[in-house]
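Enquirer: Take these sequences, add in the hints, and give me the full structure.
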Amino acid sequence: MNKVLFFAHLRDTVGQESITIEAAGKTVGQVKAEMSEKYNLQKLDTVMTAVNEEFASNDELINDGDEIAFIPPVSGG
Amino acid sequence: MNKVLFFAHLRDTVGQESITIEAAGKTVGQVKAEMSEKYNLQKLDTVMTAVNEEFASNDELINDGDEIAFIPPVSGG
Amino acid sequence: MNFEIAKEPINTQSVIDKVVQREAGAITTFIGTVRELTKGKKTLYLVYDAYEPMAVKKLEQIGSEIETRWTGAKVAITHRVGKLDITDIAVVIAVSTPHRADSYEANRYAIERIKEIVPIWKKEHWEDGEEWIGNQLETKSYPTGKPEEEDLNE
Amino acid sequence: MNFEIAKEPINTQSVIDKVVQREAGAITTFIGTVRELTKGKKTLYLVYDAYEPMAVKKLEQIGSEIETRWTGAKVAITHRVGKLDITDIAVVIAVSTPHRADSYEANRYAIERIKEIVPIWKKEHWEDGEEWIGNQLETKSYPTGKPEEEDLNE
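Residue numbers (the working numbering), protein chains in the order written: chain P, 1 to 77; chain S, 1 to 77; chain R, 1 to 154; chain V, 1 to 154.
Mixed in with the good hints there might be a few duds.
[To be verified] Using 27 Å as the maximum straight-line C-alpha spacing, the simulated BS3-like pairs for lysine-lysine come out as follows:
| no. | chain 1 | residue 1 | chain 2 | residue 2 |
| --- | --- | --- | --- | --- |
| 1 | V | K18 | R | K42 |
| 2 | R | K18 | V | K41 |
| 3 | R | K7 | R | K123 |
| 4 | V | K115 | V | K41 |
| 5 | S | K43 | V | K123 |
Since the hints were made in silico from the structure, they are not lab data.
Quick caveat, the model's predicted, so the values are computed rather than measured.
Expert: Structure follows, in structure tokens:
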């Protein structure tokens, strides 16, 4: 099982802070595409992904238990 | 009468914080030269002068009552 | 804990205290405050949200980057989350270094880097609406899905 | 009184408080502290002396210069005099501006300008002696007897 976290406008669109999916064996890019389709997420090319709290490339493979987070352009400071 | 103030190493050399002289009608440069000779002050070309708390050129004329200060290279901050 | 996400108002002095060192001749601080007007539009308040554990890690990473790049530098950063009113403090960055030029440069590096890689977002609230602020120009994309080294040197 | 010479320890927060403004998104502070080692030589303590009324005027002048050059900037500077131990604060400069780049630049300008025109001197005390510190390289001279505009842009 994998927890998927949403932040900022993605959270507003999805309507949930997190969901749980089965993503082991998929790539970050595949999960991103699935989420995009399921929730009709826009401008996903500007959204980064983190796996276990570290930025991950689209081609990185997800393992069971990994926490996935979608990181829209940040605006701290 | 004019008060002349010395700071930092000039004060150590002169041995006094200030002296009183008669400088009305003289230029800053003249007073500087007199002080230099009287107290054997070194490197006076690196020393700025202030008249009434404002930097003054060597050719500025001193009026009675003006306060003259010799300002060695500063090192605040 | 030199790198923190805070739910309560930030005490600037306590952040500064973390970087005091006998080898330092200079401490710079950057205090990001909530400005009332942005491009003529009046902000009522902001809400900051963060992916907290990752945000702390990324602040720590920025600290390591600075300590590698500027010898003798010591860094502390606290970023606030939650609702902030005008003039409230969103972030405090303190950097101490032996010499002053480094202190300004390293501090500036920290704030630019925060705006690049630390998962914190602000939502602006105006009289006529609200919006999550991202990369405002929407010129940035991440083809590989993560920030690249050159994103820093824009 | 945004520009002060202080005989007692400087409270950094109180200097920062003077520049808080609703229009500001950034406040930078520079805190000059007494460093233990300079070029490998161990400082025991420093003594700062000032031509106080003129020093205050010159700090005010620096504030005016900044407020002219960086629109919307607000400045406060306090410089300490007397005996200072290692890590003690010699000077605090606080600058607030609408945008952060200005805040760093204006703050940096202030410290460089202090080292140029504000009549304050430090005497370093080492184990084997003491000395008033001036322009250490002794490369600077004032042919007209006062600092020139171009002295700033070295």
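Enquirer: None of the hints should be skipped; say for each whether it holds.
Expert: Now the hints, each set against the structure:
| no. | hint | verdict |
| --- | --- | --- |
| 1 | V:K18 with R:K42 | holds, 23 Å |
| 2 | R:K18 with V:K41 | holds, 25 Å |
| 3 | R:K7 with R:K123 | holds, 16 Å |
| 4 | V:K115 with V:K41 | holds, 22 Å |
| 5 | S:K43 with V:K123 | holds, 18 Å |
Hint check: no violations occur; every hint is consistent with the structure.
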